[in-house]
Amino acid sequence: MMPEERQSLDDIRRFADLANKHGEISKQAGVQLYYHNHSFEFKPTDGLIPFDEMLKIFDPQLVKIELDAFWATIAGNDPVQWINKIGSQLLFIHLKDLKAGTPTDYTVFDVDKGAFLEIGDGIIDYKKVLEAAKAAGVQYAFLDQDHTAMDKIESVRKSYNYLKAQGI
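Heads up: the sequence shown is residues 1 to 168, going by the numbering used here.
Treat the hints loosely; a few may be bogus.
[Claimed, not checked] SDA-like mimics (lysine to any residue), calculated; alpha carbons at most 25 angstroms apart, straight line:
#1 K134 with G114
#2 K127 with G47
#3 K99 with Q89
#4 K128 with A141
#5 K152 with K64
#6 K27 with F15
#7 K134 with G167
#8 K56 with Y34
#9 K85 with G122
#10 K85 with K113
#11 K85 with K152
#12 K64 with V80
#13 K113 with K56
#14 K134 with D146
#15 K134 with A149
#16 K113 with K64
#17 K128 with T102
#18 K99 with N77
#19 K99 with G114
#20 K99 with G76
To be clear, the hints were calculated from the coordinates, so they are not data collected in a lab.
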């Protein structure tokens, strides 16, 4: 379901139920279903956070989580808090940095391309994020650079070198 199909809490709950059904089908096929967040799941709706509602409904055996730290942060959240909350259901984390001063944004498709930065150039404290991820049992961290003003290979190299310099 696209973001515009998940506007109400009822929509979110239907989506989470559907994800569980697809998770069961995936399990029977020998694969695991993962859910990757963006920012719209964090937009308060009727006093609740849709991502939180989804986590309550997702069967942790059928739907695992890939937390994207950038999208959680641009939605005004601390990714470390979500890592701690998700716990063992979180197996993958996506890494890219957020430009300082970027306003909270829940739109996904309309985010200014200049908001996306290489790891270490923005405001996300990746040392804390990755420490929390390790403690939660995260298996893999992916460099996931949606947009860059740099050459793509240089962008990856810069983020990699930052992580390496941090001992990660």
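Results of checking the hints against the structure:
1. K134 with G114: 29 angstroms, violated
2. K127 with G47: The given pair, whose Cα atoms are some 32 angstroms apart, is violated under the 25 angstroms limit.
3. K99 with Q89: 29 angstroms, violated
4. K128 with A141: Holds, at roughly 14 angstroms.
5. K152 with K64: 29 angstroms, violated
6. K27 with F15: At roughly 18 angstroms apart (the allowed maximum being 25 angstroms), F15 and K27 satisfy the hint.
7. K134 with G167: 13 angstroms, holds
8. K56 with Y34: Status holds; Cα separation ~15 angstroms.
9. K85 with G122: 24 angstroms, holds
10. K85 with K113: 29 angstroms, violated
11. K85 with K152: Violated, because 33 angstroms separates the two Cα atoms, which is more than 25 angstroms.
12. K64 with V80: 17 angstroms, holds
13. K113 with K56: 32 angstroms, violated
14. K134 with D146: Holds, at about 24 angstroms.
15. K134 with A149: 30 angstroms, violated
16. K113 with K64: Status violated; Cα separation ~28 angstroms.
17. K128 with T102: 21 angstroms, holds
18. K99 with N77: 15 angstroms, holds
19. K99 with G114: The hint holds at about 7 angstroms.
20. K99 with G76: The hint holds at about 13 angstroms.
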